[in-house]
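Residue numbers (the working numbering), protein chains in the order written: chain A, 1 to 261; chain B, 1 to 251.
Since the hints were made in silico from the structure, they are not lab data. Computed from a predicted structure; not experimentally measured. We treat Cβ as the ideally placed atom computed from N, Cα and C, and that holds for glycine. Some hints could be false.
[As the list claims (entries may be wrong)] One-sided excerpt, in silico: chain A residues whose CB lies under 8 Å from chain B:
# : residue
1 : Leu56
2 : Ser88
3 : Thr103
4 : Tyr108
5 : Arg109
6 : Lys112
7 : Leu151
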Amino acid sequence: MAILSTSGLARTFTTKQGPVEAVRGIDLRVQPGEIVGLLGPNGAGKTTTLQMLTTLLPPTGGAATVAGRDLVADPAGVRERIGYVAQSGGVDPQVSVREELVTQGRLYRLAKAPAAARAAELAAELGVEDLLDRPCAALSGGQRRRLDLALGLVHRPELLFLDEPTTGLDPGSRADLWDLVRRLRDRHGTTVVLTTHYLDEADALADRIVVVDHGVVVADGTPRELKQRHAGSPGASLQDAFLALTGRRPAPAQDPAPLSV
Amino acid sequence: MHVLAADTALVFGRYARQTLRSRFQMLFGILMPLLYLVFFGPLLRDLPLAADASSWQVLVPGLLMMLGLFSASFAGFGIIVEKNLGVLDRMRATPVSRLALLLGRVLRDALLLLFQAVLLVVAAVAMGLRAPLPGVLIGLVFVALLSTAMASLSYAFALRVRTPQEFGPVVNAVTLPSMLLSGLMLPMALAPGWLDALSRAVPYRYVVDAVRAAFTGEYAGTEMLWGALVAAAFAAGAVTLGTRVFRGAGA
Ligand SMILES: Nc1ncnc2c1ncn2[C@@H]1O[C@H](COP(=O)(O)OP(=O)(O)O)[C@@H](O)[C@H]1O
Ligand SMILES: [Mg+2]
């Protein structure tokens, strides 16, 4: 039984310049406990897809069942069961780390004491316990991202959406974040759907990669399958597969030395 | 209902703490009405503005409405920043009530304005205002209602623009004519027919007349009735619109 399934999910924006078909029709199935990477170049429609799946943006077409709830008929039910970490995060720089964590718990309807306890527990789990009483503005990029992740986890969601979780981080912080995501799945069985435009990230982290381009799914498989199918051999690089699929070079990894994936 | 109250209290707490962190913001809105009180009020002292009221009883209700109009209409400013930081979407992705996301913020705005309104009345009494206490309290209730309405509209509009630069000019273009057309400085009873007729399209016109009546101890006249009806309808409409915007796009 899939924890996430969509059919023909679409979103067209109406702009002064005319309609923009950001997402043309996404068909997706995710099994419980999977880590799925939505991989695609900038403008492919990844963020728009996530915003629909997290109830922030109403779809203009198609249907989806998210964590057992119908996206359009029961958005409130969806919200209770999922976590979402946007690309920009979402903390007020003036507010303390503790206050953000406790407020987030209370927004998920935890009572005061459990929200405070959960804040401390998460801070320890994600290595920000020494920073609890600092304002969010005082955190480094990597610490900020771990706090963002903690905010998405306060209510122990069964399904977590991460939008570009490591964009802008240094290599060390990226590797730390990958470890955290893997640990989350291994320890709690959390299903993770993340977007990325980094091939190394998709290759290293995802059990399955869904390549999105121009608002549609153009390929779907394990990293190994994609390399085999689209670049000719399992030993080929994901970069070759990506190039064959989209006709474009993806973003390079952030490390100065190009990673062979 | 219980859930809505708890959610509203939570959102209110967050923004009340934000306001308390910035003492400057707490007093900023009161500056303009205070300047009018001190530098404009004395000019009116011997003018026959109303048959049975002092010039202070005419001016101070107008200044209270001015406070509610200008400060509340800029309430949306902060939410543009929050939207760009991603705070708003982070909250909208949780089960929290959409109405509470608006009401918690608006409640903070209304309480802040009430606090400023009390300071203004105290300053006015020092300048020479004499008005019955129940009338002043009624005036404060109207300030709270109108602030709620105006702040809701401000949030609704702020959620539809991308930058503060788009927001400011539109707000100015609405507030200044509203202030002039509702007779906040001098009563519209002094106006020529066409201006008086035009002013009847602005909700603040009815409310300021009601507060002026309250300040002279008239609690049961037609002014009070119209003011109460218009203020209640305006607030209900604005909150409904604001909630719809929080629920929907927010884009
Ligand atoms: N609110 C909007 N109005 C108009 N066009 C939009 C809006 N949001 C996104 N788009 C367009 O939709 C396309 C997909 O955007 P997005 O989902 O952000 O892509 P990605 O996250 O894959 O980089 C882009 O062409 C973008 O310009
Ligand atoms: Mg994006």
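Now for the hints, and whether the structure bears them out:
no. : hint   : verdict
1   : Leu56  : 6 Å, holds
2   : Ser88  : 4 Å, holds
3   : Thr103 : 6 Å, holds
4   : Tyr108 : 6 Å, holds
5   : Arg109 : 6 Å, holds
6   : Lys112 : 10 Å, violated
7   : Leu151 : 7 Å, holds
Hint 6 from the list above is the single one not met by this structure.
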